[in-house]
Amino acid sequence: MSPILFWIFVAIMLFFAGMVVLNRNPVASALSLVVSFMALAALYVSLDAYFIGVIQILVYAGAVMVVFLFIIMLLDLKAEVRRRMNFPAVCGGFVVILLFLKVLSDVCYGVFGGNAKLPPISQGPQGDAWQVGMLIFERYNLALQVVGTLILVASIGVVILSKRELK
Amino acid sequence: MVTLNDYLMASGLLFAIGFAGVLLRRNVIIIFMALELMLNAANLSLIGFSRFNVQNGLPDYNAQVLVFFVITVAAAEVTVGLAIIVALFRARQTTHVEDISTLKF
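So the sequences go chain by chain: S and R. For the first sequence, numbering that gives the first Met the number 0 begins at 0 and goes up steadily by one. For the second sequence, numbering that gives the first Met the number 0 begins at 0 and goes up steadily by one.
Extracted from the complex, chain R is given alone in its bound form (with noise of 0.2 Å):
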């Protein structure tokens, strides 16, 4: 049978893979790939708590409605975010982050 440590242990894995792209790649449009990944991982972990939470026979849907508001908010960063490497592409003509380092320290 799956446990619900299956499903954490598959969410982990998930999230260290988005977290390797992060720290590994340098092209922006990956890294925010990458983030994606992230995000569904949480996403996952939070639908395996709401499906191991039963009361009255019914799954904890709060959980569910919280996935769905990460999912919103995510495609409006999204957006945001293309928006923001559409422009610094523009003034650069780079997507590459080893070139965009003039706030560097």
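Chain S on its own, in the form it takes in the complex (with noise of 0.2 Å):
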């Protein structure tokens, strides 16, 4: 991918994910949640990691963010009066950012020293999804089963969480 597209769609993706934090409205931040993942989908492509671009789209864009809108919608969210800010803990979370910021670009720009140049690869016949799942489905089989218990476990979670009442 030549560069231009590549700070492209890092300023697609920073400026929606700005824009989650500054709106007002949070169906609006949910909808700029979900640009900004594409943005996120199209660097993994650019990394030519296809099959996570694609989950990204399925699972983040797609399912996750739909159930966010049904959420916000189904509380019926109205858009955030604003309220006297709490001085001393705003600025205390601007002097954390920016001394976050200082640390990354230290170890990104000094330190690190990680110039490299996207090195070439030859991927052969089978695609990067293959690849996944063979690692998926042999090396990490029993990370996979323990996970899907996780998720079993979470969807009985939430039956019971929304049950009317909890006794």
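For the record, the hints were derived by calculation from the structure and aren't laboratory data. Please note that the accuracy of each hint is not assured.
As the list claims (entries may be wrong) - With a straight-line cut-off of 30 Å between C-alpha atoms, the simulated DSS-like cross-links for lysine-lysine are:
1) Lys103(R) to Lys162(S)
2) Lys116(S) to Lys101(S)
3) Lys103(R) to Lys77(S)
4) Lys77(S) to Lys162(S)
Claimed, not checked - Derived list of chain R stretches under chain S, where covered just means 3 residues or more per stretch with a C-beta under 8 Å from a C-beta of chain S:
5) 17-29
6) 46-52
7) 74-81
To be verified - Derived list of chain R stretches under chain S, where covered just means 3 residues or more per stretch with a C-beta under 8 Å from a C-beta of chain S:
8) 1-9
9) 33-42
10) 55-64
11) 85-92
Predicted, not measured: the structure shown is a model, and the values here were computed from it. Every residue gets a Cβ at the ideal spot worked out from N, C-alpha and C, and that includes glycine.
Both chains are sitting in their own frames, so use the hints and assemble them into the complex.
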């Protein structure tokens, strides 16, 4: 992928991630998050991770965000009224974030030295879905079954949590 | 050319935006969405490391399997979290974190 496309997708991703935080209306926030995840999937494709890119769109931009929108509309949330901000907390938040960015840029551009160019790969006849599938079903089979049990427990837990009265 | 540093910077900026959302917003659902942004930032750096660690002409697919598991667990986490938010809304009629301070010390 050309560097121009990379920066365009990074700009889309960061802009709409910012809109998630800045929008007052929760529905607008959720839709911005969908666009941000789409641009993130494009970045995955630029890294030759086609399977993860497709999963990102299907699971995140599709299923998870539909659940979010469903809950927002079910609760009928209005746009948030402007409340008096807790000024020390906001300042503290900005200071923490700026320090985080300083440490990050130091690590990335100073110490770490990850200026490697994108190395060429030869995936052969099998695509990356085949490679990931072989790893999941052979080497990480136990983890896959544990995750399956986790999802089962989560869905039972959700059913119990949404009963009308907890006893 | 795009280098590994660029991907890591993009991932770090995404994480910082999600972090800012958790610290600054007061609506539980928006805080939850910002948490999702932070999870995705970690996924982006994982895929970046996978692609730049080439052995025998292939990227390191172990990282992609880890991203697959992170996405699965995040989906389960979203369902449970939203169920808790709905139960909370039924009990208190609010999603504003400053109105829910029973556990506050």
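*Hints not upheld, ascending by number*: Every hint satisfied by this model.
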